[in-house]
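Novice: Sequence:
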Amino acid sequence: MNNFIVLSINVFASLFIVVLGFIVLSVIIFYFRDITQTKHAIRRNYPVIGRFRYFFERQGEFFRQYFFALDREEMPFNRAERSWVYRAAKDVDHTAAFGSTQSLEVTGTVMFMNCAFPTLDEEALDPSNVTLGPYCKTPYTTNSIFNISGMSFGALSKPAVRALSKGAKLAGCWYNTGEGGLSPYHLEGGGDIVFQIGTAKYGVRDDNGNLSTAKLKEIAAHEQVKMFEIKLSQGAKPGKGGMLPGRKVNAEIAKIRGIPEGQDSISPNGHLEIKKPSDILDMLATVRNATGKPTGFKAVIGEYTWLETLFAEINHRGIESAPDFITIDSADGGTGAAPQSLLDSVGLPLRESLPLVINLLEKHGLRERVKVIASGKLIVPSKVAWALALGADFVVSARGHMFALGCIQAMQCNKDTCPTGITTHDKRLQRGLNVADKAQRVANYNKYVHYGAGLIAHSCGVSSARELKREHVRIVQESGLSEPLDKIYENYK
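Each residue of the sequence shown is one higher than the one before, counting from 919 in the working numbering.
The hints are simulated quantities; they were obtained by calculation from the structure and are not laboratory data. Any given hint might turn out to be false.
[What the hints assert, rightly or not] Here are the computed lysine to any residue pairs in the SDA-like style, where the Cα-Cα straight-line distance is at most 25 Å:
#: 1; residue 1: K1008; residue 2: R1346
#: 2; residue 1: K1008; residue 2: V1394
#: 3; residue 1: K1333; residue 2: G1350
#: 4; residue 1: K1193; residue 2: A1230
#: 5; residue 1: K1387; residue 2: T1025
#: 6; residue 1: K1345; residue 2: M1329
#: 7; residue 1: K1193; residue 2: L1284
#: 8; residue 1: K1133; residue 2: A1208
#: 9; residue 1: K1295; residue 2: E1023
#: 10; residue 1: K1281; residue 2: G1309
#: 11; residue 1: K1194; residue 2: G1220
#: 12; residue 1: K1333; residue 2: D1344
#: 13; residue 1: K1055; residue 2: R1287
#: 14; residue 1: K1133; residue 2: K1173
#: 15; residue 1: K1345; residue 2: K1365
#: 16; residue 1: K1133; residue 2: G1180
#: 17; residue 1: K1194; residue 2: E1226
#: 18; residue 1: K1055; residue 2: A1042
#: 19; residue 1: K1135; residue 2: F1035
#: 20; residue 1: K1173; residue 2: A1139
#: 21; residue 1: K1135; residue 2: A1034
#: 22; residue 1: K1193; residue 2: G1236
#: 23; residue 1: K1087; residue 2: E1141
#: 24; residue 1: K1173; residue 2: G1220
#: 25; residue 1: K1295; residue 2: A1014
#: 26; residue 1: K1008; residue 2: N1061
#: 27; residue 1: K1055; residue 2: R1285
#: 28; residue 1: K1055; residue 2: K1193
#: 29; residue 1: K1295; residue 2: S1021
#: 30; residue 1: K1295; residue 2: L1088
#: 31; residue 1: K1295; residue 2: D1311
#: 32; residue 1: K1405; residue 2: E1270
#: 33; residue 1: K1387; residue 2: A1034
#: 34; residue 1: K1173; residue 2: E1141
#: 35; residue 1: K1405; residue 2: P1267
#: 36; residue 1: K1087; residue 2: G1220
#: 37; residue 1: K1055; residue 2: K1087
#: 38; residue 1: K1281; residue 2: T1223
#: 39; residue 1: K1135; residue 2: T1059
Make a model of the complete structure from these sequences and hints.
Specialist: Put into structure tokens, the structure is as follows:
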């Protein structure tokens, strides 16, 4: 026994010396590499030690949200918002104690005006049905206010898409495919689907990359596919096409999209067929005639005189030529990969673009014909209710439902290293994403957003969230006092 102990000590001592020697050797190598290189001043002036700067800088993204950030200060989504989503998704207590951590004095703060005579429980109603595409062969009717925004298979992993698909069915909402084509995993859950046509036309393109009516008909033949959305632009990168790194383009994704395996999937920054507003109506007509289903478009609003031209052209051609819906994406929308300059500085945020489009539709007499879908960081009930009050018919969210799947905002979406298995095709990392469990969490989250928006509506004295209007909301101004939303946007254009 004693000999064994002595032998063990000798072995561990030898291993320690070897490891220590390796560390010393590595330090020496790094030292000489750092003082001789000329690209990094910190490493040249502080050899070896300077390398820790990059390590701590990288780790700061992960630890900031846990140890240093306040509840309401983190971007793009703060801890208070994420925590609410997590609790709602898990169907645990999502109430709070001791008062709000949100300051009511900050410029832009939204405040709903409660009514002295709130709607009683027995007077509360479910959201009313809304029909999209009344001139289509197959219109789509739904009462779901909050739905899953575009997230493609490729950008998301297989289990993530499966969980969202099943969750959408449980929640009774729709799931937008994103621009990556229709996969078996979108269909698996049995829920309603919106098929998105991006600028590269993945899934509905011919051998030359042009829109194929034959493939449109194949997609439309699926009863679950309820609508088609032509993506002109998205909030995180207006004027830039979708980007999927080649390391995420495996054989299955390449087949669904109709592109080479292993190569970067970079969509054009616009549709070749669309050069002016009237071209939008032509493409809408092509898709709608081929599929028989409601068709609209998604865009970030920046320069907006083209909308005046578009709406005037609709009235010239006839009301049936109008898009069945317009999805307005906020300039602060999300994505897996985008240039920083576009993320930060291009396009209008939803607080400006949504009322602008609503007012223009009303001006041209098209408000009832064209349904409006709002998108952009609307992940909690108060923001959904705010968008409805501004005039939206529906709200969609991608990142809110990603949080419901378990996303921790690790900012790894573009690197195929997502630690929760949501945006990676690494099988080892995907193991942590249990499809059945996450599908239920998606449904729970969606349910509580609807419930929370309804609570706000009832407090304001209306029977359902769809009845919220601009007069129910006030916005805090620089003076610290609030102004009614209807007055702020009365003559907005």
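Novice: The structure should be examined with respect to each hint, and the outcome stated for every one.
Specialist: How the hints compare with the structure:
1. K1008 <-> R1346: holds (24 Å)
2. K1008 <-> V1394: Not OK: K1008 and V1394 at ~33 Å, beyond 25 Å, violated.
3. K1333 <-> G1350: Holds, at about 18 Å.
4. K1193 <-> A1230: holds (17 Å)
5. K1387 <-> T1025: Distance ~21 Å between K1387 and T1025 Cα, so the pair holds.
6. K1345 <-> M1329: holds (19 Å)
7. K1193 <-> L1284: holds (23 Å)
8. K1133 <-> A1208: holds (9 Å)
9. K1295 <-> E1023: holds (21 Å)
10. K1281 <-> G1309: At roughly 14 Å apart (the allowed maximum being 25 Å), G1309 and K1281 satisfy the hint.
11. K1194 <-> G1220: holds (15 Å)
12. K1333 <-> D1344: holds (11 Å)
13. K1055 <-> R1287: holds (16 Å)
14. K1133 <-> K1173: holds (14 Å)
15. K1345 <-> K1365: violated (30 Å)
16. K1133 <-> G1180: Given pair K1133, G1180 holds - Cα atoms ~24 Å apart, limit 25 Å.
17. K1194 <-> E1226: holds (12 Å)
18. K1055 <-> A1042: violated (34 Å)
19. K1135 <-> F1035: The hint is violated at about 52 Å.
20. K1173 <-> A1139: holds (19 Å)
21. K1135 <-> A1034: violated (53 Å)
22. K1193 <-> G1236: holds (21 Å)
23. K1087 <-> E1141: Roughly 14 Å between the alpha carbons, so the hint for K1087 and E1141 holds.
24. K1173 <-> G1220: Given pair K1173, G1220 is violated - Cα atoms ~35 Å apart, limit 25 Å.
25. K1295 <-> A1014: Holds, at roughly 22 Å.
26. K1008 <-> N1061: Holds - the C-alpha atoms of N1061 and K1008 are around 24 Å apart, at most 25 Å.
27. K1055 <-> R1285: holds (21 Å)
28. K1055 <-> K1193: violated (28 Å)
29. K1295 <-> S1021: holds (19 Å)
30. K1295 <-> L1088: holds (23 Å)
31. K1295 <-> D1311: Distance of about 17 Å is within 25 Å: holds.
32. K1405 <-> E1270: Holds, because 14 Å separates the two Cα atoms, which is no more than 25 Å.
33. K1387 <-> A1034: holds (17 Å)
34. K1173 <-> E1141: holds (22 Å)
35. K1405 <-> P1267: holds (19 Å)
36. K1087 <-> G1220: violated (35 Å)
37. K1055 <-> K1087: holds (24 Å)
38. K1281 <-> T1223: holds (14 Å)
39. K1135 <-> T1059: Given that 25 Å is the threshold and the Cα spacing comes to 21 Å, the pair holds.
Hint check: violations occur at hints 2, 15, 18, 19, 21, 24, 28 and 36; the rest are consistent with the structure.
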